[in-house]
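Student: Here are the chains, one letter per residue:
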Amino acid sequence: MAPPEPSASRPTSTRTGPGRLLVAVYGLFALSASARAAVQIATKFSHAPVAYLLSAFAGVVYIIATATLTAGSPTARRIAVLSCSVEFAGVLAVGTWSLVDPASFPDATVWSGYGSGYGFVPLVLPVFGLLWLRYWARRDAAQRTIVPSAEDTGDSAMPSEIDR
Amino acid sequence: MSPVNGALPTTIIVAGLALAGYALLLTALNRRMGTSLLAALGVLEILLLVLVGMIVARLADGGRPAGLVLLIGYLVATPLIPVVAAFWGALERSRWGSAVIAVAGLVAAVLMVRLHEIWPVIRV
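Chains as they are written, first to last, in the working numbering: chain A, 15 to 178; chain B, -11 to 112.
Calculated directly from the structure, the hints in this document are not laboratory data.
Note that beta-carbon positions come from the ideal geometry of N, C-alpha and C, so glycine has one too.
Accuracy of the hints is not assured; some may be wrong.
The calculated label-pair distances, taken between Cβ atoms and stated as ranges, are [to be verified]:
1. B:Leu37 - A:Pro88: 38 to 44 Å
2. A:Arg24 - B:Val71: 37 to 43 Å
3. A:Thr26 - B:Ala16: 19 to 25 Å
4. A:Tyr149 - B:Ala16: 18 to 24 Å
5. B:Val64 - A:Ala155: 42 to 48 Å
6. A:Thr26 - B:Glu105: 36 to 42 Å
7. A:Leu145 - B:Val38: 36 to 42 Å
8. B:Gly41 - A:Ala156: 20 to 26 Å
9. A:Val74 - B:Ala6: 34 to 40 Å
10. A:Leu145 - B:Gly41: 38 to 44 Å
11. B:Leu47 - A:Ala156: 53 to 59 Å
Construct all of the structure, not just a fragment, from the sequences and the given hints.
Tutor: Right, here's the structure in full:
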């Protein structure tokens, strides 16, 4: 058995701590969605063009989310928030669309039926991604308050939010 | 065409789920990845490599699934899963490294079902 963690250390970037798991799952979906779409578009595009193009779009969104969560700079995190939001909206829109109009989806996409073919992971993944990004946004805000600069002297953080 | 022996994919499903359960237990207990998880990943890797070898042998015998390109993609990606998970998990000195290994176990189990869908000759 591995030794227990001596103390719960704070993650140092968006790709460590819980982010390690998020990046792993995002990377998995980036690879599987884009590779699957590439094969489908290359071999039988006319069979289900809408489904395959949506799969390809999903693949691109997953690739961007994986890359930006791995990078973790403030700019990357802003892009990550955008891609996770697009992803969440995409799952909800395509999920509803696939239920209302199944004829448009002779073959499934990652987001069909709200990701039911993938254990609904596509539905919960963007939620955890956005929660993780919000944690970082708040941590940044708390950090700025500890070292007050000219523009944010009025703010005061709750004691629990202050870095130890 | 005789089917690929179903015992191995079934074993991989059981092993993958057991690995995932153990890794999730370690995550819940706030334990990071240790030698026990690495050894379990090694066992999973060997099982996956043997399966890939059996499927390649079937292809060499002249068997052809409808989605050959897709199958080859899966054959390349499958043995990489425990390796990538081991590296990515070992980088993390916290419970979340164990959680990464749990994902690898689940993915290995799901892949067996997908392989069967791609080529029904591969029994589960």
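Student: Within 19 to 25 Å or not, the Cβ separation of Thr26 (chain A) and Ala16 (chain B)?
Tutor: holds (23 Å)
Student: I want to verify a distance hint. Is the separation of the beta carbons of Thr26 (chain A) and Glu105 (chain B) within 36 to 42 Å?
Tutor: holds (41 Å)
Student: Range first: 34 to 40 Å. Now tell me if the beta carbons of Val74 (chain A) and Ala6 (chain B) are that far apart.
Tutor: holds (35 Å)
Student: How does the Cβ-Cβ distance of Leu145 (chain A) and Gly41 (chain B) compare with 38 to 44 Å: does it lie in that range?
Tutor: Given a distance of about 42 Å, which is inside 38 to 44 Å, the answer is holds.
Student: Does the beta carbon distance between Val64 (chain B) and Ala155 (chain A) stay inside 42 to 48 Å, or does it fall outside?
Tutor: holds (44 Å)
Student: Could you say whether the range 37 to 43 Å given as a hint is met by the Cβ separation of Arg24 (chain A) and Val71 (chain B)?
Tutor: violated (29 Å)
Student: Tell me if the beta carbons of Leu37 (chain B) and Pro88 (chain A) are separated by a distance inside 38 to 44 Å.
Tutor: holds (43 Å)
Student: Taking the Cβ atom of Leu47 (chain B) and the Cβ atom of Ala156 (chain A), is their distance within the range 53 to 59 Å?
Tutor: Between Leu47 (chain B) and Ala156 (chain A), where Cβ atoms are some 57 Å apart, the hint holds.
Student: 36 to 42 Å was suggested as the range; check whether the CB atoms of Leu145 (chain A) and Val38 (chain B) agree with it.
Tutor: Holds, at about 40 Å.
Student: Falls inside 20 to 26 Å, the C-beta gap from Gly41 (chain B) to Ala156 (chain A)?
Tutor: violated (54 Å)
Student: For Tyr149 (chain A) and Ala16 (chain B), compare the CB-CB distance with the range 18 to 24 Å and indicate the outcome.
Tutor: holds (20 Å)
Of the hints listed earlier, those the structure fails to meet are numbers 2 and 8, in rising order.
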